[in-house]
Structure formats: C-alpha cells, structure tokens
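Numbering (UniProt numbering), first residue to last: 1 to 335.
To be clear, the hints were calculated from the coordinates, so they are not data collected in a lab.
Everything hinted at is true.
Cut-off 20 angstroms, straight-line C-alpha distance, at most; resulting in silico cross-link-like pairs (DMTMM-like, lysine to aspartate or glutamate):
id	residue 1	residue 2
1	Lys242	Asp272
2	Lys14	Glu46
3	Lys158	Asp138
4	Lys50	Asp60
5	Lys50	Asp29
6	Lys303	Asp169
7	Lys158	Asp169
8	Lys62	Glu307
9	Lys14	Glu35
Just the calculated beta-carbon pair ranges, DEER-fashion:
id	residue 1	residue 2	range
10	Val326	Asn227	24 to 32 angstroms
11	Ser195	Lys62	36 to 44 angstroms
12	Ala188	Gln122	48 to 56 angstroms
13	Glu331	Leu222	19 to 27 angstroms
14	Leu26	Glu146	35 to 43 angstroms
15	Val326	Ala188	23 to 31 angstroms
16	Thr328	Gln122	38 to 46 angstroms
17	Ser195	Val326	19 to 27 angstroms
18	Val256	Arg5	42 to 50 angstroms
The beta carbon of each residue, even a glycine, is placed where N, CA and C say it ideally should be.
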Amino acid sequence: MNMNRFTIKDVAAKSGTSIRTVSRVLNSDPHVKKETRDRVQAVIDELGFKVNIAARSLRDRKSNQIVVFADRRKNAFLGGFHNEVVLELHREAKTQGYRMVVSVSSPEQFEEDENDGFYLVQHGLCDAAILFDPHEGDRRVQYLREHRVPFVVLGQDKSSYQTSYVGLDNRAAGYMGAKYLHEKGHAAFALILGSEASGVNQDRAEGFRRYQREKGLDNQVLFGLTNIESAYKKTQSLLEAKSVTAIFVSGDERVVGVYRAIQEAGLQVGRDIGVLGVDDLEMGRFLLPALTSLVQPKQEMSKLALELIMEQLQEEERVVKRVLFVPTIAERESV
DNA sequence: AGTACTTCACTTTTACTCGG
DNA sequence: CCGAGTAAAAGTGAAGTACT
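Between the sequences and the hints, there should be enough to build the whole structure, so can you do that?
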C-alpha cells in the first residue's frame, strides 16, 4: 500500500459513499446526484486524492502516454522548428487525453540508455511514439516496429517508406523560395542550407535547382550550415564576393547570423539584400526588418500526426499514411 | 446509488515437496 | 531438518458488470 497517498477506497469511506460511486464521480458518470457528487468531490479535494495512473493503466491496458523522440544533435537537442512543433504536439496530445514526454535519443546508444524514452517503451509505459527525422537505416524505426509501438515520423523520413509520416514538401519549398525571390526582382541569389546528407536539404536544393533550370538561371546552392555562426560566415563571404542580391536561408534560426553579417557590411536587409527564411518561427516577426519566411504549418502537422497515432491505436492492423504539406509564404519586410 | 465481484499484469509472499 | 526448488495465493487500485 502506498502510505502517503489516498485511494478511491479512502475517498469512499470518508465521504460515506461506495467505491462504485467515487468511480462514477471520477469518470463523470451522469447517474450521480449533484449533492452526492459535490460531497465526493469535496473529499477528493480535502484529501488531495489523485487517481493512481499505474493502477488505471493496469486496468485499461494502456499508459495514455506518448513519447516524442528528438534526434540528439551536436550542440542542441532541438532546433527552433522542433521546439515549436513539440509545443503544438503537446497541446494536441492533451486534447486527446494523452500525456507526452520528450525524449532525446541518439540512434546509436538508445538501447543501453535507461534515461532514454525507449526505456518507457520497453517497460510498457508508452502507447505510441513520434519520431523526428530518422535517417537512413535508423535503428530506432526498426526497434519501434519490433516492439509493435505505433509511431509517426515527423520532419524528414529517410528511414524507409513504410511508416506513417507527416512532413513538408521540401522540393516545393526550394522551388517556391527561388521563384519568390526571382519574381521580386532578384536575379542573383543563393540558397544556403545545412548538411548535404539531410534529406530535407537535398529536397530543398533539388526544388531550388529545378527552378534555376526552368528559368535558365545559375544560382548556387551552398551546403554546410551547421549553426548560426556558419550562417554568419557564409553570408560574409557572399557579400565580399558581391555575388548576390538576396539570400535564401534554410532555417529561420540561422537568419540571425545572416542579418548580422549584412548589417556589419553596412547594408540594409530588405533594401540592399533580400533575405528569405524557412520555418516561419515566431522570432522571425520580431527581427528588424521582420523576416519573410516559408511557412511550415506546424499546428496542422502536429494535429495530423496525433490523428494518425490515434488511428493506429484504434485499428488492429498497421495504418500507413504519408502526408506532405505544401508551404505558404509569410510575407513581411525582409525581401 | 449501493453491493459484491471481476479483471487487468505482474511481483512478492506463503506453503509445500523433496533430496540429502 | 536444512536448504533449494516450485507451485499457488495474495496483493496492488481503478473501473466496469450485473444486480438490487
């Protein structure tokens, strides 16, 4: 017995009702007189009674818990985009009656790491999972499959193509960004983005290049942005070469570095050099000038991810749905 | 709206057997 | 009669069923 906590038995005794009635009150069963309900509720409040979720999980054979796995990065666990998505996911999970825990896991060592969310999976403390950006041959995908944990992939999915997946159409994003800058009067502009190994970046580059081909342009794609500082340096060298009038930056966070380099060169963002971001992070609206950015519909994506999980939890056989969202443009002042 | 009872999945305790 | 081995029982809290 748990000595420092009360059970529905205690509540029943103290309120002069039965366990069955307390259960009815807890589960909002309508067949309880208001007077009785109030009395039971008063005792619940007085004792500080909380339902024992371990017992409830035992009885219901589910944990009502979802784990979100983020890939471990070198110097940050989550990027700005993931950060905002996690907030949305959390909100959605809550409306569905699920608790959500965020776990940082590297694909290499998760099995030995008892602080990893996979620990919860192993021990039956989680019903489903959301996995950010698994890469090719990601063992975590295999692991979740083997343990028959329903999951949805968010972001990029290079693991396989038999998972439920929600993401952005990054080819369209690359194409749209190029088109937008071109139509705004820029002929010479560069796309700067992260690692070439990332599928997201490959797709964005591909879309960007397709637009170049269609319009007979020859603008560069520069990979290798690892952080804000490298965005800063990359911009410096672009400005020194006087080769561009606009910069298309993959990832709003990095724009901070881009802005600084532009301003230090005595130039003005939006007037002398156009800057276009991707993600539409909240911070973009507060940069000066406010950042124009391709929008990833984070709320819709999160909502759909949760829906896909709920579907999988309800269906017997595995449901696989793959959905790409097409970005829109939040036009502000930077182009 | 109460009574009595069952179920969930698993651990710990108890009760008992058997070889030496 | 000791210790090991094993089978059975008890216990955990919530929530539902069937009935009154």
